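Go by the hints and put chains Z and Y onto chain R.
Protein chains in written order, with numbering that gives the first Met the number 0: chain R, 0 to 307; chain Z, 0 to 235; chain Y, 0 to 442.
Warning: the hint list may mix true and false statements.
Not the full set, but computed from the structure, chain R residues with beta-carbon under 8 Å of chain Z [said to hold, decoys possible]:
(1) Arg-97
(2) Pro-98
(3) Ala-179
(4) Gly-182
(5) Arg-184
(6) Gln-188
(7) Met-195
(8) Val-198
(9) Asp-199
Quick caveat, the hints were computed from the structure, so don't treat them as lab data.
Here the structure is a predicted model, which means the values were calculated and not measured.
Where a beta carbon is used, it is the ideal one built from N, C-alpha and C, also for glycine.
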Amino acid sequence: MPDCLTTQLPLRLVGGLTSGSIYALIALGYTLVYGVLQLINFAHSEVFMGGSLAGLLALEALTHHGAQTNAIFLFVALIPGMLAGGVVAIALERFAYRPLRRRGAARLSYLISAIGASLLLSNIVLLWRGRNFENFPATVAPVPILTLGNVQIYNRQIIIVVAMLIMTAGLDIFVRTSRAGKGIRAVAQDPETAGMMGVDINRVITVTFLLGGLLAGAAGVLYGMFFGVTRFDVGFIPGIKAFTAAVLGGIGNIRGALVGGLTLGVVENVGAGCCGNQWKDVIAFLVLVGVLMFRPTGLFGEGVGAKA
Amino acid sequence: MSILELQDVHVSYGNIEAVKGISLTVDEGEIVTLIGGNGAGKTTTLKTISGVRRAAPGTIVFDEERIDHMPSHEIVKRGVCQAPEGRRIFPRMSVRENLDMGAYSQKGTPPTEDYERVFTLFPVLRDRLSQAGGTLSGGEQQMLAIGRALMARPRLLLLDEPSMGLAPMFVEKIFSIIREINEQGTTILLVEQNAQMALQTASRGYVIESGEIVLEDRAAKLLTDERVKKAYLGEA
Amino acid sequence: MIRWPKVGLFTFAAAFVSLIVKIRGPKAGLTVALVLVAAALIPAAQRRFAPRVDRLYQKRWGFPASLGAFFFACALLPIWIDVVEEELAVQIGLFALLALGLNVVVGFAGLLDLGYVAFWAIGAYTMGIFSGAGPLQFAHLSMWQIFPIALAMALITGFLLGAPTLRLRGDYLAIVTLGFGEIVRIVAENLSKVTNGSQGIVNIPSASIPNSSSFWRGIVSAFVHFENAWIHSWNALTPGAGRGTLPVPSARSLEFGVNPIPYYLLLLAVIMIMVIVIRRLNNSRVGRAWSAIREDEVAAEAMGVPTLKYKLWAFSIGASTACISGVILAARIQSIEPGTFDLITSIVILSAVVLGGLGNISGALIGGTAVTFLPELLRSLPPRLQDARFGIFGAVLVLMMIYRPQGIAPSRRRAAELEGGAAETHGPIGAGLPEELAAGGAE
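Okay, chain R solo, but in the shape it has when bound (with noise of 0.2 Å):
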């Protein structure tokens, strides 16, 4: 056996966890938007980027009299960071799809926009905050406190862990139970009759985009925090890995998008402790040509609201 998975195996999964909730946090987007326009929204990441941004701008404004940093900042920076990802997330639907969406464009018009609206996007990042990546604040200090066996389990991982958590589950309420949420089920499973019984659409769909850039703001905080920098391509990666986790667990699932995020988290980083760190993307990229060959559907199916 090799010692990834023996003796560094618990250590990988600790990880894994952890950054598969970042990976769950963004997926949900994805989720979202599919299981309402049937449509992937390529330009998710910047999203993610873009409250990760105003998680640090924010921090920085709040440290820059001299403040000491703690946890609370934290939670106070998670408020611009999810807002920032609502704002960039309605933009995109606004000027990037619903022309598009208005003239019932073809399928690939979307994609080439997405991707368009994308590299805009973090250009202009770019542009403005240049190429180096930027230091988040320090707000959680590492402090060990749990130890199991020979993995020493960090705060920020629990806080990351217990965030997606909640943040998922309040999703799952919401979209089961509030009006909101009837309403992007009922789109999402037929838009005309949804229509036809008073759901305004394209309200339900500047809800959908909304939802989705509140939890990838948050993801791009909690992502700041732990790995401690951010700038114009950063959510590049964790987006097309977030987007395997939603195909994995079966896109439009908001289960499945949790579920595939943390098991993408974990492959990947035993995986990578087996065949070296540099190799962890590819191995990212493996599971997800794998599974849609062997189970396009993904582990749960397709489908808003069909367990929510």
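Chains Z and Y only, in chain R's frame:
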């Protein structure tokens, strides 16, 4: 007085004109039926009234207000709701949630008497409340579709082929329920291929062929009309 | 109501022109403005002249003659341009070739490939490795010998990627190919024993014409003679015109080496061959299969079109074209590194195809030219702006999709589809959405 008035409504899909200048009126409190064969433009007409297709050109007036440029949710808000062709139940929602969707345009939870009204008309739905819509039988789905539309408290109920795919016994039942709904004060525009039943239920009727109204009269008169007999009632 | 997006478009165009004026002077600004206006007018011109072009192409000699005339004119171009522009001409040739290949994949078969740059990389690395410049020195082949190897590599990798993934729905395919592009780059970065890792392969031998090949010698000397004759007559006929008298390039030999012109001519020749091949394919049953797949894959399958086979065809042709471009790139710049083959390059090539007009061969060539020129125009920007110049491609893609999905020079067959007239056949986003949301989306 008329509650709904269509004037010279045209609807096209790309280059194909499906509805070519239809005019019709529905008076408050009556049942009007629109009969015609496959592809005559019946469903398109109803979808246009509901606002999911656009009249271009043409005017649609509901309760003295033009609705032909309103988005569908605004039209529902004004009291027009539809039980669409093929029932179109939300398959992964429970029966209760489907009913709630009918009441979507009224914010807040629907009052109990609205549910009760539906359950009185369709008692079987009460037993199926938590079952997923997709698991109901065809007849139950049709009842749910009508019940769902009633939850919107419509002043005008649009029914698109409620008898489609139902057993003959069920067809009778559905039509008697349609009459009952009408007697409770809801105006109904009924689209049907089953001309016999539709004309027996309605007070007036329009016959649509290839996107145009070719006949309009009192339902009783249409039932005896030679052309209608020949084309739609299967009589020589 | 103010049409905000339209306002945005004009603002964008105006800002772009004024930017060019600022960094490149008023003359360049005027040129760009004229080009933009011309691009805006192309569809009208196309409508006006389409019947005439059709009539021309119906004649037996119509297409070969116009193709020949076009490439002949392009081949003469080096006579007038200076060294910097020659470099640019090679660059344009490389990208035009890439756009030509990607157009088959995206434009004809409707498969969105976001990892297209991977095949360019495979071509370039094949050249780097088989020429003996890489760490593995098992072969020392010339560029000409490597062409067939690169083609084989393209077909193998194209098949390896395509066979499992081409069954996937369009948007899944896009992300899988994106992943493939990244995998190839990461592998090139990390497989140091073969690719020399992130430093890349340097000292790749440039192309050369084998001394023994009298055929090549013949072509080259014919060209030199022709060029000289042309310049002499030009100078005789137009004293003082244009750039003044043209220098007689006796020393400007057509040896490859570091001289860009032969690469440019080689690219022209390859492009011409590919244009002929692709055009023939597209007008054959393969092309009809492609458009059937693009418009409605399920229906195509039901009609007995072996969709996977034809998708693989498109994929392989695209891959081979990119590989050839990659080989020439490696021979030309003589050093390659993984960073060249990133996602942005894929997107730039995609922009070229979209800009030119999906599904249109001449559009792809126009697009390839445009995307090479665009960053060139912005070359003298301050570093940071320079860094973010690819944002322009992003804006171009979005605006094109909103206003001109059919591209600058639309393929008439595809224009209707992309504008949404045939939306229902594409499984459009929001099929079945109410009409104000999805106009044209019929039942």
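Going down the list of hints, with the structure as the test:
1. Interface restraint check for Arg-97/R: the shortest CB-CB distance to chain Z comes to about 14 Å, outside 8 Å, so the restraint is violated.
2. Annotation: interface hint on Pro-98/R violated; nearest CB of chain Z at approximately 17 Å, more than 8 Å.
3. Below 8 Å, beta-carbon pairs count as interface contacts, and Ala-179/R has none with chain Z, the closest being about 10 Å; its hint is therefore violated.
4. At about 7 Å, the closest approach between the beta carbon of Gly-182/R and any beta carbon in chain Z falls short of 8 Å, and the interface hint on this residue holds.
5. Hint status for Arg-184/R: holds, given a least beta-carbon distance of 6 Å to chain Z, under 8 Å.
6. Interface restraint check for Gln-188/R: the shortest CB-CB distance to chain Z comes to about 5 Å, inside 8 Å, so the restraint holds.
7. Annotation: interface hint on Met-195/R holds; nearest CB of chain Z at approximately 5 Å, less than 8 Å.
8. Against a cut-off of 8 Å between C-beta atoms, the interface hint on Val-198/R holds, since the closest Cβ of chain Z lies about 6 Å away.
9. Evaluation of the Asp-199/R hint against chain Z yields a held restraint, the C-beta minimum of about 4 Å falling below 8 Å.
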